[in-house]
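Listed below are the residues making up each chain.
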Amino acid sequence: MMHLDLAALASDFLGRFPAPGVHPRDLAAVLELARPIELAHGDALCREGERGEAMFWLVRGAVRVSHRDFKGQPRDLAVLAAPALVGHMALVDGSNRSASCIADGPAVALALDRAGFQRLTGEDTPRGAALRRVVLTSLARQLGAANRRVRGLLDAAVPDDPDTAELELRRISGTLDGWKLDDLDDSDVRVVRTDDDLRNPPRRR
Amino acid sequence: MAPEVSGTSVPAIGEDLAACVAGLGRLPAFSGVPGDHLRRFVLAGTPVRLQPGQVLVRQDDPIPRGGGLAWLVVEGVLQATVRGGGDDRPVGAVRPGEVAGELGLFADGGRRSATLTAEGPALCLRFDAGLLEALPHNRAVLVLERHLMGSLARRIRKTNLAIQKAWREASAGDSPETPAPTGFFQRLAALFGGGR
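Which chain is which? The protein sequence lines are B and R, in order.
Under the working numbering, the letters of the first sequence match residues 7 to 211, in that order.
Under the working numbering, the letters of the second sequence match residues 87 to 282, in that order.
Simulated from the structure, these hints should not be mistaken for lab results.
Keep in mind that this is a model prediction, so the values were computed, not measured.
Ideal placement from N, C-alpha and C gives every residue a C-beta, glycine not left out.
Keep in mind that the hints are not guaranteed to be accurate.
Just a few of them, taken from the derived set where beta-carbon distance is under 7 Å, the chain R residues facing chain B [stated by the list, open to error]: (1) F192; (2) H223; (3) L228; (4) L234; (5) L238; (6) A239.
Incomplete in silico selection of chain B near chain R, CB under 8 Å [said to hold, decoys possible]: (7) G27; (8) V98; (9) T127; (10) A135; (11) R139; (12) V141; (13) L145; (14) Q148; (15) N153.
Generate coordinates for the entire structure from the input sequences, incorporating the hints supplied.
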């Protein structure tokens with residue numbers, strides 16, 4: 007059984023993703039209810055298209071995020087490094103997984119299942135409020151970052167060609183799904199294949 | 087609470103506080119909330135009464151660092167519009183029980199993405215993230231937070247679908263039924279406003 011310092015993990019997480027009025031002690035109480043999962047390189051944390059049965063705190067290591075684009079082609083979106091919140095959208099709105107997350111080296115995640123999520127988000131307790139506000143903050147950052155990216159794109163002198171459009175679509179879509187946020191630095195989220203895409207842009211069908 | 091409302095609004099008076107409590111109590115989402123929780127919730131915010139056509143917040147207005155304001159609509163309807171191609175394009179209505187400007191609550195600076203205008207007479211409860219912190223065991227706050235989670239998730243899905251639809255339409259070329267706009271960025275501008 008691995009040892010995880012939940013108080014330290016909660017502090018670390020809130021340092022990176024500040025949520026209003028959330029004390030690390032209360033987030034640690036949420037993490038106590040989550041199940042630790044050890045992943046070997048190549049193990050799947052979640053798979054695109056599946057019904058989401060849990061949300062995850064990635065607490066060690068990294069996962070490679072990939073999905074099929076709207077043409078059905080598999081695409082790597084990013085490598086997400088701990089600490090990160092993964093898969094919460096599916097529990098909030100009941101949607102299926104928008105991407106697959108595969109361990110990029112050994113990794114550890116804490117999984118909070120759907121029943122636990124529903125119970126906690128309905129609780130009038132400090133830990134219930136902690137979970138709601140962490141999820142709210144993450145969702146707001148996803149949407150805010152995507153809005154900024156769209157507005158920046160529209161204000162910039164980018165040529166209106168299909169290759170640029172597709173690349174930007176993937177970036178914005180990934181941002182909306184929470185895989186890439188503008189205000190995280192490269193040590194948190196490493197964009198995959200972008201340079202390759204620019205050198206060999208996908209062709210218009 | 088820092089003022090962030092464009093234009094003039096009628097100052098809050100006791101009547102508006104009472105109208106907010108009564109109005110929220112009639113909304114299905116808040117109907118199970120005890121009356122004393124609703125009263126404390128309303129007292130922690132600021133009722134804002136709007137006249138028809140009054141602008142609550144304008145697109146590109148700055149959001150203060152550390153988070154801005156949001157508005158819980160109690161009565162009436164707010165219309166959200168974005169500028170695009172020289173016009174104000176409606177992008178959605180905010181109805182009683184829904185929250186306008188919620189992204190500003192959790193933003194650390196930035197700008198408003200849309201203009202919010204009262205369609206007719208409207209009553210809103212203005213609040214910031216401090217309200218969530220100030221009332222830790224209030225059922226109305228719990229209802230509000232759960233509602234916000236759902237509405238943000240819906241907006242994310244809707245925005246993602248709209249962007250992908252814009253790309254597909256641009257990629258497929260314009261059909262005779264939809265002759266304009268032509269490119270992906272023009273279609274994005276129609277959705278989000280902006281200079282293209």
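Verification of the hints:
1. A hinted interface residue such as R:F192 counts as satisfied when its beta carbon comes closer than 7 Å to some beta carbon of chain B; here the least separation is about 4 Å, so the hint holds.
2. Against a cut-off of 7 Å between C-beta atoms, the interface hint on R:H223 holds, since the closest Cβ of chain B lies about 6 Å away.
3. Because the closest C-beta pair between R:L228 and chain B is about 6 Å apart, less than 7 Å, the hint holds.
4. For R:L234, the shortest C-beta to C-beta distance to chain B is roughly 6 Å, which falls under 7 Å, so the interface hint holds.
5. For R:L238, the suggested interface contact is upheld, since its CB lies about 4 Å from the closest CB of chain B, less than 7 Å.
6. Nearest Cβ of chain B to the Cβ of R:A239: about 4 Å, under the 7 Å cut. The hint holds.
7. For B:G27, the shortest C-beta to C-beta distance to chain R is roughly 3 Å, which falls under 8 Å, so the interface hint holds.
8. Interface restraint check for B:V98: the shortest CB-CB distance to chain R comes to about 4 Å, inside 8 Å, so the restraint holds.
9. Here the hint on B:T127 is kept, as its CB sits about 6 Å from the closest CB of chain R, short of 8 Å.
10. A least Cβ separation of about 7 Å between B:A135 and chain R falls short of the 8 Å threshold, and the interface hint therefore holds.
11. Restraint check, B:R139 versus chain R: the minimum CB separation of about 7 Å is within 8 Å; hint holds.
12. For B:V141, the shortest C-beta to C-beta distance to chain R is roughly 6 Å, which falls under 8 Å, so the interface hint holds.
13. Hint status for B:L145: holds, given a least beta-carbon distance of 4 Å to chain R, under 8 Å.
14. Because the beta carbon of B:Q148 sits about 6 Å from the nearest beta carbon in chain R, less than 8 Å, this interface hint is met.
15. Contact between B:N153 and chain R, as hinted, is supported at the beta carbon level, the nearest pair being about 5 Å apart and thus within 8 Å.
Consistency with the previously given hints is maintained throughout, with no hint failing.
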